[in-house]
Amino acid sequence: MEVPILKQGEFLIATFQADLSDADLENLRRGLVQQVVRFRSRGVIVDVTAMDVMDSFASRTLREIALMIRLRGADTVIVGIQPEVAFAMVQLGMTLEGVATALDLEEGLAYLIEKFKNID
Amino acid sequence: MPAGKIHVAINSDQDIVLARQKGRALAAELGFSAVDATFVATAISELARNIVAYARRGEITLQAVRGSSRQGIVVVASDDGPGISDIGQALRDGFSTSGSLGLGLPGVRRLMDEFEINSRPGRGTTVTVKKWRQ
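Line order of the protein sequences matches chains A and B.
Residues in the first sequence are numbered consecutively from 1, following my numbering.
Residues in the second sequence are numbered consecutively from 1001, following my numbering.
The following block holds chain A by itself, in its conformation from the complex (with noise of 0.2 Å):
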């Protein structure tokens, strides 16, 4: 399954579908993190808007997708996760510790951008 990636400026933003198997995240965290070393971008937005179910593997990718894109100097905002879905997250242990997340995508974008401006 293709997961579209658009480029906005220095950050991505890659839109999850609902009903990813474990083979689609893994496609997607090595996708991600290519167009992340292809394109130079300084931060990237994962929305996970369409995800009706996080479970143990997909918080796992999602946080390894964050820490990988964070060893090569950019930012990751997972945004959109789901009330119901972050309920469910939390019962079963799965916290996204040290992952930065935003409630949609405008407030991701905002977070990127207020976080860059001091750098430029």
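Just so you know, the hints here were simulated from the structure itself, not pulled from any lab data.
Heads up, the beta-carbon is just placed ideally off N, CA and C, and yes, glycines get one too.
Fair warning: there could be bad hints in the mix.
What the hints assert, rightly or not - Derived pair list, reagent style SDA-like, types lysine to any residue, alpha-carbon separation capped at 25 Å: (1) B:1022 - B:1117; (2) B:1022 - A:15; (3) A:115 - A:104; (4) B:1022 - A:51; (5) B:1022 - A:52; (6) B:1130 - A:87; (7) B:1022 - A:23; (8) B:1022 - A:49; (9) B:1022 - A:34; (10) B:1022 - A:82; (11) B:1130 - A:23; (12) B:1022 - A:113; (13) B:1130 - A:91; (14) B:1022 - A:21; (15) B:1130 - A:118; (16) A:115 - A:52; (17) B:1022 - A:104; (18) B:1005 - B:1093; (19) B:1022 - B:1088; (20) B:1130 - A:84; (21) B:1130 - B:1113; (22) B:1130 - A:19; (23) B:1130 - A:7; (24) A:7 - A:84; (25) B:1022 - A:91; (26) B:1022 - A:115; (27) B:1005 - A:93.
Unchecked claim - FRET-style restraints, in silico, Cβ to Cβ: (28) A:70 - B:1028: 48 to 54 Å; (29) B:1093 - A:105: 32 to 38 Å; (30) A:18 - B:1118: 42 to 48 Å; (31) A:23 - B:1029: 39 to 45 Å; (32) A:97 - B:1133: 43 to 49 Å; (33) A:104 - B:1113: 17 to 23 Å; (34) B:1114 - A:67: 35 to 41 Å; (35) B:1033 - A:40: 42 to 48 Å; (36) B:1116 - A:17: 30 to 36 Å; (37) A:116 - B:1116: 33 to 39 Å.
Once you have looked at the hints, place chain B on chain A.
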């Protein structure tokens, strides 16, 4: 109440997705809240993941049940895999032997209302969980 059992054979990561979709659909059909339907779908995803990770193949069955005054869903995850030698350990947070998961069973127990596990080394594992409609 929807009659009969829904059987989902679990052989691959695609089947994990299928099983949780069917679980969510059944929960919605029974009038579960969005939160509870998500809990059921997430628990099914973890149980199916355990099957793929540890036993390679098995089955998830879903069934609507009626208690004395309430309706619920029973999920049974069964396999003929290697089994669990120390169930107490497997139910503690952070324990994993496959390297691919680590918070499965304790998390599933917190997501659902009732939890039962039967497993013997070499004889496979059966996990039965229930969620009642609030």
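Structure-based check of all given hints:
no.	hint	in the structure
1	B:1022 - B:1117	22 Å, holds
2	B:1022 - A:15	24 Å, holds
3	A:115 - A:104	17 Å, holds
4	B:1022 - A:51	16 Å, holds
5	B:1022 - A:52	13 Å, holds
6	B:1130 - A:87	18 Å, holds
7	B:1022 - A:23	20 Å, holds
8	B:1022 - A:49	20 Å, holds
9	B:1022 - A:34	34 Å, violated
10	B:1022 - A:82	20 Å, holds
11	B:1130 - A:23	29 Å, violated
12	B:1022 - A:113	41 Å, violated
13	B:1130 - A:91	16 Å, holds
14	B:1022 - A:21	15 Å, holds
15	B:1130 - A:118	52 Å, violated
16	A:115 - A:52	29 Å, violated
17	B:1022 - A:104	28 Å, violated
18	B:1005 - B:1093	31 Å, violated
19	B:1022 - B:1088	30 Å, violated
20	B:1130 - A:84	19 Å, holds
21	B:1130 - B:1113	6 Å, holds
22	B:1130 - A:19	23 Å, holds
23	B:1130 - A:7	45 Å, violated
24	A:7 - A:84	30 Å, violated
25	B:1022 - A:91	21 Å, holds
26	B:1022 - A:115	42 Å, violated
27	B:1005 - A:93	30 Å, violated
28	A:70 - B:1028: 48 to 54 Å	38 Å, violated
29	B:1093 - A:105: 32 to 38 Å	33 Å, holds
30	A:18 - B:1118: 42 to 48 Å	33 Å, violated
31	A:23 - B:1029: 39 to 45 Å	29 Å, violated
32	A:97 - B:1133: 43 to 49 Å	33 Å, violated
33	A:104 - B:1113: 17 to 23 Å	32 Å, violated
34	B:1114 - A:67: 35 to 41 Å	36 Å, holds
35	B:1033 - A:40: 42 to 48 Å	45 Å, holds
36	B:1116 - A:17: 30 to 36 Å	34 Å, holds
37	A:116 - B:1116: 33 to 39 Å	52 Å, violated
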